[in-house]
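Engineer: Put chain C on the given structure of chain P with help from the hints.
Chain residues, written in single-letter form:
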Amino acid sequence: QQQVKQSPQSLIVQKGGISIINCAYENTAFDYFPWYQQFPGKGPALLIAIRPDVSEKKEGRFTISFNKSAKQFSLHIMDSQPGDSATYFCAASIQTSGSRLTFGEGTQLTVNP
Amino acid sequence: GAVVSQHPSRVICKSGTSVKIECRSLDFQATTMFWYRQFPKQSLMLMATSNEGSKATYEQGVEKDKFLINHASLTLSTLTVTSAHPEDSSFYICRGQGSNTEAFFGQGTRLTVV
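So the protein sequences, as listed, match chains P and C. Under our numbering, read the first sequence as residues 595 to 707, first letter to last. Under our numbering, read the second sequence as residues 9 to 122, first letter to last.
Bound conformation, chain P alone (with noise of 0.2 Å):
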């Protein structure tokens, strides 16, 4: 119950193109919906995050949609860029839990110029 399914494993998109990506998720009692992006060699960073009250944030070019009755969550990257190219990871947290995070598998985007 406490697994993150992410698909897909990899994805290739062109230059300007929209990248998506989802998760889902069987815990209810999750609270805080973070993606993160990992270059080569590097540590995650935060990307974006939603909490369940919301059904879609946006920042810049990153829209997270959320779904709490399918229990799904999307990353959505627009105009992608080559730079955007990295492994990209869904999570999700108990907040009260002391943010321990349940990572998802991983994503390796990869944007052609």
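Calculated directly from the structure, the hints in this document are not laboratory data. Every residue, glycine too, gets a C-beta built ideally from N, C-alpha and C. Careful, some of the hints might be misleading.
In silico DSS-like links for lysine-lysine, alpha-carbon gap of 30 Å or less [stated by the list, open to error]:
hint, chain 1, residue 1, chain 2, residue 2
1, P, 609, P, 636
2, P, 636, C, 74
3, C, 63, C, 74
4, P, 609, C, 49
5, P, 665, P, 599
6, P, 599, P, 652
7, C, 28, C, 63
8, P, 636, C, 49
9, P, 651, C, 49
10, P, 599, C, 72
Part of the chain C face toward chain P, derived, beta carbon under 8 Å [stated by the list, open to error]:
hint, residue
11, 105
12, 108
13, 114
14, 118
Structural biologist: Chain C only, in chain P's frame:
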């Protein structure tokens, strides 16, 4: 944003030796430090959680005598891999959490045991 500085970024050690990895929170007090391990093309696996001044809580299957965690101050936590073996080669990442703040990852340490 807040910064967690992790050192070294890369280390190569001989089998049987010990390696210490440091994580410092530079502009906040990390009351909790999470330590992760990541194999190539895989997700992050939580190894242990430490609270300042307390013993670390290890995840199931993680040997506490092999992966020693010290969190003696609010700005410094260390992970020591003792008697390292080639199978311990991995990417180790810390994540510092302050009181009522977002948590921040360190830059990671690539450990290679030869």
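Engineer: So, for every hint listed, does it hold in this structure?
Structural biologist: A quick look at each hint next to the structure:
Straight-line distance between C-alpha atoms of residue 609 (chain P) and residue 636 (chain P) comes to about 23 Å, which keeps the hinted pair within the 30 Å bound. The suggested pairing of residue 636 (chain P) with residue 74 (chain C) holds, with an alpha-carbon distance near 24 Å, which does not exceed 30 Å. In summary, the hint linking residue 63 (chain C) to residue 74 (chain C) is supported, as the alpha carbons are separated by about 14 Å, within the 30 Å threshold. With a CA separation close to 23 Å, the supplied pair residue 609 (chain P) and residue 49 (chain C) stays within the 30 Å bound.
As the CA atoms of residue 665 (chain P) and residue 599 (chain P) are separated by approximately 11 Å, the hinted pair is consistent with the 30 Å bound. Between residue 599 (chain P) and residue 652 (chain P) the CA atoms are separated by roughly 22 Å; this keeps the pair inside 30 Å, and the hint holds. About 17 Å separates the Cα atoms of residue 28 (chain C) and residue 63 (chain C), which keeps this hinted pair within 30 Å; it holds. The hinted pair formed by residue 636 (chain P) and residue 49 (chain C) meets the criterion: a straight-line CA distance of about 13 Å does not exceed 30 Å.
Simply put, residue 651 (chain P) and residue 49 (chain C) have alpha-carbon atoms about 28 Å apart, close enough for the 30 Å limit, and the pair holds. For a cut-off of 30 Å, the pair hint linking residue 599 (chain P) to residue 72 (chain C) stands: about 29 Å separates their Cα positions. Because the closest C-beta pair between residue 105 (chain C) and chain P is about 5 Å apart, less than 8 Å, the hint holds. A distance limit of 8 Å between C-beta atoms decides the matter here; for residue 108 (chain C) the minimum to chain P is near 10 Å, and the interface restraint is violated.
Interface restraint check for residue 114 (chain C): the shortest CB-CB distance to chain P comes to about 5 Å, inside 8 Å, so the restraint holds. The restraint placing residue 118 (chain C) at the interface with chain P holds, with a minimum CB-CB distance near 7 Å, inside the 8 Å limit.
When held up to the earlier numbered hints, the structure conflicts with hint 12 and nothing else.
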